[in-house]
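Number of protein chains: 2
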Amino acid sequence: MFRKRTSCVRLFSTSVRIQANRAIVYSQNGQPADVLRAVTVPGLGAPPPQTANVRFALSPINPADVNVIEGVYPSKPRRTSFPGARGDAFVGGNEGLAEVTDVGEGVRGLAPGDWVVMKASQVGTWRSAANVREDQLLKVPRLDGLSEVNAATMAVNPPTAYCLLSHFVALERGAWVVQNGANGAVGQAVIQLARNAGVKTLNFVRSRDDIDALRRELEDLGATHVVTYDELGDKKSIKAKVNGWTGGQDIRLGLNCVGGESTMAMAGLLGSDAHLVTYGAMAKRPVPIPASFYIFKNLTSHGFWLSRWYEGNDEGRIKLVEELARTMALGKFKEPKHEILTIEKETSDEHASGLIRGIFQRMASGGFKKKVILKVESSD
Amino acid sequence: MFRKRTSCVRLFSTSVRIQANRAIVYSQNGQPADVLRAVTVPGLGAPPPQTANVRFALSPINPADVNVIEGVYPSKPRRTSFPGARGDAFVGGNEGLAEVTDVGEGVRGLAPGDWVVMKASQVGTWRSAANVREDQLLKVPRLDGLSEVNAATMAVNPPTAYCLLSHFVALERGAWVVQNGANGAVGQAVIQLARNAGVKTLNFVRSRDDIDALRRELEDLGATHVVTYDELGDKKSIKAKVNGWTGGQDIRLGLNCVGGESTMAMAGLLGSDAHLVTYGAMAKRPVPIPASFYIFKNLTSHGFWLSRWYEGNDEGRIKLVEELARTMALGKFKEPKHEILTIEKETSDEHASGLIRGIFQRMASGGFKKKVILKVESSD
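Protein chains in written order, with the numbering used here: chain B, 16 to 395; chain Z, 16 to 395.
Next up, chain B with everything else stripped away, as it sits in the complex (with noise of 0.2 Å):
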């Protein structure tokens, strides 16, 4: 579907097209099922000088886009002047895979069907096309095997997990990692990536009606083990239950997106010298740790933000997402369970803005329980 398009797009890609693109956007601050609505934007002219005409294909919605339309997330958007439309506003999402279709004088290392992840955070992907500066963009090479999904997820989740694993603790192979919000995105990357370097994982996710394929489903994934945070409550048979599969092996790696009590408890599993580490919470209560495992098991807790690795590091970048294509393209790292929902042609502003609205709300009930993708078709 996307080649073909493309291939079309491309076809016209010398002369000054008239189209219409269409763009997700919002003038304030607020829910996004408030706020958000769908707006018609005049086609891109030939891109300028050092610049790239982009189609998007895949743009998911992530958790921090959510924090970001809320107005509480760090990382802040430019706000984004359309020609012919009424005033300028924020266009939504952060991540996303699109295809080049033009390029702009000066420009070295994009040509027209390339595949780029945005480079810049808050570029606005969820929309149907862009014109955006060459240093904006990353490169991802069009592997055999590398999947529209696993390309246009690339960019968050995984690298997430692959500095988790990496940045803290030099796990050797058969080393064991301690996580909650295992079945999350990043959970899952960590799960897959753990185990194509023979690393072991333990991993705590909520119970629920259907844990058993749940636990299924991260088994397949890689996962070593998948308890419930219900068995934290009795620390002596968890503790017991744990060395039991370690072997006595201290756990050196505790990777933390939740919070509270239940964090403090999966922090008891830790050995000596351990890390614990946290990139978010789920729960939305601080982490709470016992002075005891700071001082008498020198514990040392940390964060980890994507978006501050990411600063001025191109270089780590760049062969992070080389390696992520390679592995993906292996068929090691699976698509994330996700659904695609398309923002369609034909559909007017006014019902497409309905239907975005309807996403979020439906989200914020958790009514999805896997990846939301949006794909913005063009009106051209």
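There's no promise every hint is true.
Remember, identical chains collapse to one label, so a pair may be satisfied in a single copy or spanning two.
[Stated by the list, open to error] In silico BS3-like pairs for lysine-lysine, Cα to Cα no more than 30 Å straight-line: (1) Lys352 x Lys334; (2) Lys91 x Lys312; (3) Lys385 x Lys251; (4) Lys360 x Lys312.
No lab work stands behind these hints, which were simulated from the structure alone.
These numbers were taken from a predicted model, which means no experiment stands behind them.
Based on the hints, put chain Z in the right spot on chain B.
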């Protein structure tokens, strides 16, 4: 006093002395006021090879000593058997200044008259004399101007303060440190060592009736500002106040010996890339830190335990003792506020036991607001 007594002992150092010593011991873990007793034990014979006989001058009671007696501290003492006394027991006390009275064959680094502190932990310092292996002792330079009290209290709190200030953040002159429990022994040491290095301290203490006197006292030691935990209740106001003091400079080191909500609020005063170091838990509550501090402000949370640093680090330790001794001898590090409680040689064991238990009862109810130092006289 101490020097006189010493020279007297040295007159007899080549003969086998018939004398009695006293030790504060316990046979089982429990509350100090319940389990401690004073026992008279035979005098020391000639020291075996590689050992020294030492006479304790001053032996502080530190908070951790209580935890050791309760059996809840990770460092465990070994039972000591006293020839002639009934059974064996643990001798209380971890810190103390002693004078070498006699040395066995093969002792190269010590001579009678030398001052020593304990290199090994949990040697049992609450006694009048002991025979100790040379490698468990650390010589303290007997500098003019170095008081007995300073030397007796130099092995635990000042080195902790020194490590807290030097192991986690490179503090330039003019940098800021924030700490709670600032009127504790470590807190006071932090204030003085920071002042000596041109580093500014923001010191939190509990509010109390004599808060003005305490503020003056800490300012006399070199505290830049002294603030009560109450002020942490209004985040905006305290942030504005602190910003005014620091001129907007980020505070990159926080020292915590309390825990609980006020520690979370104090951590909120730290800037980006800061380090929070926990070395105590006076509030007996976990350290709750919001995930956002870790993720977006790149906070790192550590623990510090002096015993771990001491392990296998004799060289660093010797250097530190020498540096502290010089600093103290120059009058740049005041004696802690203290009370010396003497167990006199004429006192019966029964009476002495009652005294000791009384001290710990008073201590448990917060009756001392200063360092308590034991002086256990021998009945020779």
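Against the structure, the hints come out as follows:
{"no.": "1", "hint": "Lys352 x Lys334", "result": "within (26 Å within a copy, 59 Å between copies)"}
{"no.": "2", "hint": "Lys91 x Lys312", "result": "between (39 Å within a copy, 16 Å between copies)"}
{"no.": "3", "hint": "Lys385 x Lys251", "result": "neither (34 Å within a copy, 39 Å between copies)"}
{"no.": "4", "hint": "Lys360 x Lys312", "result": "neither (58 Å within a copy, 42 Å between copies)"}
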